[in-house]
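2 protein chains.
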Amino acid sequence: MNKKQGFARAHTNIALLKYWGKVDSDLILPANDSISLTLDKFYTDTKVTFSDDYTSDRFYLNRHLMNPKKMQRVNRVLEAVKNEFGYQGYAKIESENHVPTSAGLASSASGMAALAGAAVDALGDVSDLNNLSRFARLGSGSASRSIFGGIVHWHRGYDHQSSFAEQIVAEDEIDLNMVTIVIDHRKKKIKSTLGMQHTAETSPFYPAWVEATNQAVPEMIAAVKENNFTKIGELAEHSASMMHATTLSSNPSFTYFAPETIQAIKLVEQLRNSGIECYYTIDAGPNVKVLCQSKNITRVRDFFKNYFAEEQLVVAKPGSGIKFTKN
Amino acid sequence: MNKKQGFARAHTNIALLKYWGKVDSDLILPANDSISLTLDKFYTDTKVTFSDDYTSDRFYLNRHLMNPKKMQRVNRVLEAVKNEFGYQGYAKIESENHVPTSAGLASSASGMAALAGAAVDALGDVSDLNNLSRFARLGSGSASRSIFGGIVHWHRGYDHQSSFAEQIVAEDEIDLNMVTIVIDHRKKKIKSTLGMQHTAETSPFYPAWVEATNQAVPEMIAAVKENNFTKIGELAEHSASMMHATTLSSNPSFTYFAPETIQAIKLVEQLRNSGIECYYTIDAGPNVKVLCQSKNITRVRDFFKNYFAEEQLVVAKPGSGIKFTKN
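Note that the protein sequences, when read in sequence, are chains A and B.
For the first sequence, the working numbering begins at 2 and goes up steadily by one.
For the second sequence, the working numbering begins at 2 and goes up steadily by one.
For the record, the hints were derived by calculation from the structure and aren't laboratory data.
Possibly wrong hints are sitting among the right ones.
No copy is singled out in the list; a pair is fine if it fits within one copy or between any two copies.
As the list claims (entries may be wrong) - With a straight-line Cα cutoff of 27 Å, these simulated DSSO-like cross-link-like pairs (lysine-lysine) come out: (1) K226 - K296; (2) K192 - K71; (3) K267 - K188; (4) K190 - K267; (5) K296 - K327; (6) K5 - K318; (7) K267 - K192; (8) K188 - K306; (9) K48 - K70; (10) K318 - K83; (11) K232 - K267; (12) K306 - K83; (13) K232 - K70; (14) K4 - K70; (15) K23 - K190.
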């Protein structure tokens, strides 16, 4: 029995300039570039074992076998990696998510990045990180960014080869932290794939969103390289606001906001006006993520403790890129 | 002592396709056409007395003398009417607002429309309603629409002469009613004049807002003429959502939404999905206005009584145009 094994650990990430809408849903080519912060603590460990003896691909998530019908995206990644290395057999994938649902963060980014990394680790050479990013992208757009640590730029590109992420600065070169206010940790009612598709198809504001985001990319890269927290925060907050404005302007209109989302936005403004610099960002869900510098993490957390339960507040710092060992 | 007296009663209105942004803030020429519903019950009564013996213009609102420094917009209307009729003296204006603050509705539309009507009634002929609409516009953009009853279309125009409102259908020709959910009856924190200016200057989505609204105008006119409640409601809800999307996308971003605004929006969707057809609209404030047909007013009100206090729910029906007598 000829076995090939690979392992990878990848961290989740949060977009500072949001990915919102695809131009190719098969290849997951996005309409606009995006820029993200990789987070520490929240990661996925994945082991991939290829064997000629297996008769089908099997995916165990937290030791539970996944329904083959739900493996469409996993299969896209596996097929692409197998093709690249000319492998014809099947795989057993064992994945452990360390992105607790209660943290209000999505696990698809770290999950698909770890899958891509472990599969390539089993069959070939993992040194080409841009290529890992391409494979991860086929599983989930935001996963393309989880290959790298620190601040990451996903080039939208125009085909499989040109659409990949790369690092702008490493995790130890940036002072940018996130306090998530977990307003609802249940699964999204409107999945981001559906939400972005409806928006791209029906919002009269969508073309302006794409243009504004692509224009903001060089500004964000410059701000990140200068470690200019104010500029990073302003650009991130505006990107999130614009993204949620596109959902409101779609037809029929919809919103990911919960009542407490508005409450949290106003509290962020209140805290900022009081002299503690912080900015919000919001993904395709009601949770509000507060960006701040290290010196203010405790102050930000203490302030929100007045309005939310302690277990609703989750702190994350810049995280590292993909690794192929457990340590 | 040579006195000339005039009187007018004008009703307030709610925009179905929103007015949001000016191209000329002096003449109040809007960037886009708008369409509104005039409301019964909520109105302003205004008496204007011109006399050669007066030495200044005085404005009494609910019997309180207004600070002359706050009379800028009143003066614009008065000056324009005086010029039109070659009158050189001053005016005493006595205005009674029957738009209770607790109804969550603005009184500037009915107030400036009644002022324009009463001033013209004192000095000349009130039969040219389009001309009254122009004078009212100089006091407050939305006042141009309060000259007429039923459903009203304000042509944006390109100069003073071409920017005026006219009736699409009369109040007895349309089955369209409004239940306001008064979430906060205090004055707006960000006045609509400032909010629309900031939006027009900084939102990357603003040009698309103007284009989308102007494109929706003929659709709304057709829907109104057919008394097509579904189409009117869908267009109105989308217009309101787009308007609030423009504030979110401005830079820095802002919103008129309160937490309860999101709650009310979701309740409207829930009620509609349960088979009671209704749509929301929201102006430059947190209050949510629910549009429904006559047959559903009680059902809509009863549903929202489960979530809001009875005094927070205010019903309004289509109202009539300007009148020059008290009855």
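Do the hints match the structure? See the list:
In the homo-oligomer, the alpha carbons of K226 and K296 lie at most 27 Å apart inside one protomer (20 Å), although the nearest pairing across protomers, at 62 Å, exceeds that limit. Proximity of K192 to K71 under the C-alpha cut-off of 27 Å is restricted to the intra-copy arrangement: shortest distance 15 Å within a copy versus 50 Å between copies. In this homomeric assembly, K267 and K188 come within 27 Å of each other (Cα to Cα) both inside a single copy, at 24 Å, and across copies, at 18 Å. In this assembly of identical chains, K190 and K267 lie within 27 Å of each other by CA distance both inside one copy and across copies; the values are 24 Å within and 13 Å between.
For the homomeric pair K296 and K327, neither the shortest alpha-carbon distance inside one copy (30 Å) nor that between copies (66 Å) is at most 27 Å. In this assembly of identical chains, the alpha carbons of K5 and K318 never lie at most 27 Å apart, being 34 Å within a copy and 74 Å across copies at closest. Taking the shortest alpha-carbon separations for K267 and K192, both the intra-copy value of 26 Å and the inter-copy value of 17 Å come in at or below 27 Å. In the homo-oligomer, the alpha carbons of K188 and K306 lie at most 27 Å apart inside one protomer (24 Å), although the nearest pairing across protomers, at 30 Å, exceeds that limit.
Taking the shortest Cα distances, K48 and K70 sit within 27 Å of each other inside one copy (21 Å), while across copies they are farther apart (74 Å). Taking the shortest Cα distances, K318 and K83 never come within 27 Å of each other, neither inside one copy (35 Å) nor across copies (67 Å). Taking the closest pair of Cα atoms, K232 and K267 come within 27 Å of each other only inside a single copy of the chain (20 Å); across copies the shortest separation is 34 Å, beyond that limit. When the C-alpha separation of K306 and K83 is checked against a cutoff of 27 Å, the pair qualifies neither within a copy, at 49 Å, nor between copies, at 60 Å.
For a Cα distance limit of 27 Å, the shortest separation of K232 from K70 qualifies neither inside one copy, at 44 Å, nor across copies, at 39 Å. In this assembly of identical chains, the alpha carbons of K4 and K70 lie at most 27 Å apart only when taken from the same copy (26 Å versus 86 Å across copies). Taking the shortest Cα distances, K23 and K190 sit within 27 Å of each other inside one copy (20 Å), while across copies they are farther apart (38 Å).
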